[in-house]
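Undergrad: For reference, the chains in residue letters:
Number of protein chains: 4
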Amino acid sequence: MGNTFGKIFRVTTFGESHGAAIGAVIDGCPPRLPLSENDIQAQMNRRRPGQSAYTTARKESDRVRILSGVEKSITLGSPIMILIENEDTRANDYEELQNIPRPSHADFTYRLKYGVTSTSGGGRASARETAARVAAGAVAEKFLKLSHNIQITAWVSAIEDVEWEPDSIAHITREIVDKSPVRCPEPTISARMEKAVAKAKNDGDSVGGIISCICRNVPAGLGEPVFDKAHALLGAAMLSIPACRAFEIGDGIEGSRMRGSVHNDLFVKKENRIGTETNRSGGIQGGITNGEDVFFRVAFKPTATIRIEQKTVDYDGNEITLPPSKGRHDPCVLPRAVPVVESMAALVLADLILQAGMYK
Amino acid sequence: MGNTFGKIFRVTTFGESHGAAIGAVIDGCPPRLPLSENDIQAQMNRRRPGQSAYTTARKESDRVRILSGVEKSITLGSPIMILIENEDTRANDYEELQNIPRPSHADFTYRLKYGVTSTSGGGRASARETAARVAAGAVAEKFLKLSHNIQITAWVSAIEDVEWEPDSIAHITREIVDKSPVRCPEPTISARMEKAVAKAKNDGDSVGGIISCICRNVPAGLGEPVFDKAHALLGAAMLSIPACRAFEIGDGIEGSRMRGSVHNDLFVKKENRIGTETNRSGGIQGGITNGEDVFFRVAFKPTATIRIEQKTVDYDGNEITLPPSKGRHDPCVLPRAVPVVESMAALVLADLILQAGMYK
Amino acid sequence: MGNTFGKIFRVTTFGESHGAAIGAVIDGCPPRLPLSENDIQAQMNRRRPGQSAYTTARKESDRVRILSGVEKSITLGSPIMILIENEDTRANDYEELQNIPRPSHADFTYRLKYGVTSTSGGGRASARETAARVAAGAVAEKFLKLSHNIQITAWVSAIEDVEWEPDSIAHITREIVDKSPVRCPEPTISARMEKAVAKAKNDGDSVGGIISCICRNVPAGLGEPVFDKAHALLGAAMLSIPACRAFEIGDGIEGSRMRGSVHNDLFVKKENRIGTETNRSGGIQGGITNGEDVFFRVAFKPTATIRIEQKTVDYDGNEITLPPSKGRHDPCVLPRAVPVVESMAALVLADLILQAGMYK
Amino acid sequence: MGNTFGKIFRVTTFGESHGAAIGAVIDGCPPRLPLSENDIQAQMNRRRPGQSAYTTARKESDRVRILSGVEKSITLGSPIMILIENEDTRANDYEELQNIPRPSHADFTYRLKYGVTSTSGGGRASARETAARVAAGAVAEKFLKLSHNIQITAWVSAIEDVEWEPDSIAHITREIVDKSPVRCPEPTISARMEKAVAKAKNDGDSVGGIISCICRNVPAGLGEPVFDKAHALLGAAMLSIPACRAFEIGDGIEGSRMRGSVHNDLFVKKENRIGTETNRSGGIQGGITNGEDVFFRVAFKPTATIRIEQKTVDYDGNEITLPPSKGRHDPCVLPRAVPVVESMAALVLADLILQAGMYK
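Residue numbers (this note's numbering), protein chains in the order written: chain L, 1309 to 1668; chain C, 1309 to 1668; chain F, 1309 to 1668; chain W, 1309 to 1668.
The hints are simulated quantities; they were obtained by calculation from the structure and are not laboratory data. Please note: incorrect hints may appear among the correct ones.
Copies of the same chain look alike in the list, so a pair counts if it works inside one copy or between any two.
[Stated by the list, open to error] Derived EDC-like pairs: lysine to aspartate or glutamate, alpha-carbon spacing no greater than 20 Å straight-line:
(1) LYS1578 x GLU1627
(2) LYS1487 x GLU1473
(3) LYS1578 x GLU1395
(4) LYS1380 x GLU1345
(5) LYS1634 x ASP1511
(6) LYS1619 x GLU1579
(7) LYS1668 x ASP1486
Extracted from the complex, chain L is given alone in its bound form:
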């Protein structure tokens, strides 16, 4: 259970990190949308490893194949199945770990829950699983662009203790984001972040950080009251990404320190609609989008896999010293998590548009 996301635009993902393939089935994508494998590949390439010195050495071309639901580059309204074959699997890298749960990994909890584990590093709990999210998210993004010209852009706003606090985010695009190897749009901050990652990598250690995300042109009226508020669904979507530990909508925690008279977003007349002067609410009020940009932040913990020995115990409770990891991993997941955050946001928004009956 737990491998399906969404109510109407429903995505089911499958595949182990070191198995034959991973992929996604999308049920509920509207018919008659133009869609090709190239539409998906672009975002896949932004997530796949090997784009900089800061990512895992695993080599995956992440080539997507659409096996159903699309004919002549047009969606049919039937399930869209996207397959991504695993190429560079090395189950053997993990064999010595069969009796030792890696600290802060899912090894321990999976073994407890299922009584069996995949021979691979993480099976379903590997970051490799997110490739399927990006494939599905790219389809959702195509839909969002066609239906409401919605644009989703995420970037790295903090790594370790290097944090970027921008005066304005109005100029940020994916092109600007991608100019930075750590995906921080501000060059001087980016340089400091790169140093932080390089230093951690050099130390055999890892770092975490924060990703910010803005969704532009989101129509008002998305989100369902009480339990399915738009930011609750966005929160669940983000928190389901491996290593994600916190979610803030709008001003988030900082806003909790303000007074109401400061925090309230006053209404003002904008061109063809009523908008708000400030956007501390992050575009969502009472759980429903209000027509302003949707803005949120997501915190990731440092990668659990490190090249430093750790004193821990094996499954029998014997104290052991876990040697530095030989498995391939990223010292900092943040740069590659940027398209994953965008993809999950796209899945939430696509589903909410269809739930609200706002696509025809």
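Based on these hints, arrange chains C, F and W on the given structure of chain L.
TA: For chains C, F and W alone, coordinates are given in the frame of chain L:
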């Protein structure tokens, strides 16, 4: 849509703030549990207004009636319907607001989405809706106590800029929490928080803050991989509470500034199980509980309703000055939100236990 | 579990036969529909007992109260809660049955499944449960009428071995149906059916039969491929009605004896659309409505409760002779099941219209 | 939508009849079950074409590949993805049909609903889609056998007007069923059925019929009250199979002609449990299995595709004569539908066992 929570332990709530009644139907509660209205009333009383000078003046006894699913104080396995009649409704308080959306309230987005609004202050978007969550949560808590002796305790850890950073939380119980009128277990901090609320109230203003929550005796193995991770569901549950703006599991944002070598929770042998030395993960790894206490934090924005005039526009876009609110409200929702946080946590855990097939 | 029906137009029912109340919560009903308690009461009255000599002696006014989701006779888009208080409960009638499972009743299977039973005759398994379906169905019917002027009419086409095979059903309306005490539109057949019921009642016995149903003005395009075909959902809806044992769409079993060249519905040009010459498909092809009338038949077994002694065993396996029932019951459920069939059809169609995004 | 079946044992299928591949993803299959491709292939082979003179000429080896969820022939508890590549596609066979809806096919309703159709004969509406059901059903059967030794056997009990009314069905096994080319266990009836199919085929026509199914060793307690009754879910499952038009549980329509005193299944003491003397209920009472064999019947209409010309209209409403079909098809789907019926029954029972928490 959006008024049902959970997959197996399913709660559907209903009722407008100023309508005839609110309530909840629980489908999926196991049979043969002892359950009476008194079990529910205790927690209802912790949420209802009028417990201190810092809460709304609205008078509601919040008396619950179980109308189905229970006979002779034993659950039957059929839907449990809990009804709470509204007593102190004053729809007229809000009449003048029919043409003015209150800033940072749900008035504007509801009107846009539904094209009709309840005559009451907030309808479904009112904090009154949370009474039904607490009623259902109390049933879930009864189940959790009987099945695994799970204990859930929340408290106020920050109001405005007054934050409590405890050395230890091992001693905190609901009894200790309830000794403070603002539900902060540390008396000196509590006193400062009370002052902050009193000052805001005196200014006609409002304040927000942070609630922390610990769930003890949670068995390992709860949570479903990929999209239904335990902390993703907890996050959605919390973010669905009115005024909630951020969620952190374990060390949350602070953890995102640590290195992996510091953040990783090393395994150690505990009495009859393998546990972790530290608990930066907040009891959840890979989305699945690991047997340690589940710990999270939830940030709330300041109450949107204030007794200060605000420059805003009406639905026609005309600039107007909204006079100070005459509606009854809390200057700080945190103290009364404590049982709501506990209730939502209980709903998530009850559902995950049943999903995992861990109750017999 | 199992007490919720539908995906978007979602109905959750609750209540034991001899408990305090029964009712339904509807989540997903569109806003801005005119709706009053009177809209619901009319169909409730067609189901409630006491309309003829052939029904149970239990006296229930089945007065509905809408406690949420409607203000000033307009739906708000929030959950509509409908409460029906039980008036004429007699749990004592069933006390002697606490140790004897009634043959072909749900007593045995409920006891096995839940390990506890309501003191009442049937608890959730009683036909009384269907009152909540009719209440919710009446709301769905209001929606169907407003959105597409859909009209649903069911009638009794067979009781025991008296079967009516009409030349045409084009003229049948609820008014015509209700002229017959057994709800068969053809007077001479109705008279024979009445005799069959009277004779069975006189013998202390019971009879079953068949209900036919036609849904007019159903737009083409309802139903979802593969598993949620329109007739699969209709089938599940009907088979969930107490005592229902078979479902046929269109020509059903009779059609299975035809050849394709006879059974195929040839397309013809109709006024403003393409239709079919015959309607052996019952208005559904490939699981999707084609614009013709939706037609189906539903078979009900004879009432299990009889006033004849039966040789059976108690829960301990001791052979006993169960005396003639003293509980109140219908010798034939068919006439009162007519509005229940209509209501379940309405719930299916309302949900499919919303799933298909065909209501604006 | 509509391509997912089940609540806990959830199957999502995908794939067009003449696309690259079809397949299924199963989420919720318990971990630690032995499972190999061979387990699935056996039942696939019973469904695939080319087993007798009475089936389509399309050549498909229907070779299944498990791409995830299984390692070393053991299920991991993660999604099981099964891929079946299409081999003998001939989209061109259908090109001339792009402007003519075939009578009683899904062409017309799909075009109306989606505004686009696959170039193939039926896309998702083709009987080819059922291959994915059988693949998933085989996994469910493996689970059912291991958990409760449940055995499901279906057979053809009627073709056109040749009907087999057996004295006893206790002896029927798949081996016996498979000895008949039309899958009727009684040789003399089978011979008559074969003649009926051969004659129809010779005439360029098609025939329908009835499949009966028995599920042995089903534990008591499966099925959820009110809307998710076991026979309602079985009914929906069967009615979702292409060409299925009716469903009867137990004595079905025949039972509706009996009196209660005849129809009631009296309880008797059996070896280690209380059972019923007769089984007119088909093993389900009050929607919950009672420990007797589950028995039901399913009616199929004659194949819509025939080699006889038909007077119909094209999409523009012009009267045309549709020439005899050149597409490959079965003159009678019943024999190949037998494993499909078994598979859908397996999916329902597996899901209900998990819903009831009856697998450990």
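Undergrad: Are the hints correct? Go through all of them and say.
TA: Results for each hint:
| no. | hint | result |
| --- | --- | --- |
| 1 | LYS1578 x GLU1627 | between (64 Å within a copy, 12 Å between copies) |
| 2 | LYS1487 x GLU1473 | within (18 Å within a copy, 40 Å between copies) |
| 3 | LYS1578 x GLU1395 | neither (52 Å within a copy, 41 Å between copies) |
| 4 | LYS1380 x GLU1345 | within (11 Å within a copy, 32 Å between copies) |
| 5 | LYS1634 x ASP1511 | within (15 Å within a copy, 60 Å between copies) |
| 6 | LYS1619 x GLU1579 | between (62 Å within a copy, 18 Å between copies) |
| 7 | LYS1668 x ASP1486 | neither (34 Å within a copy, 41 Å between copies) |
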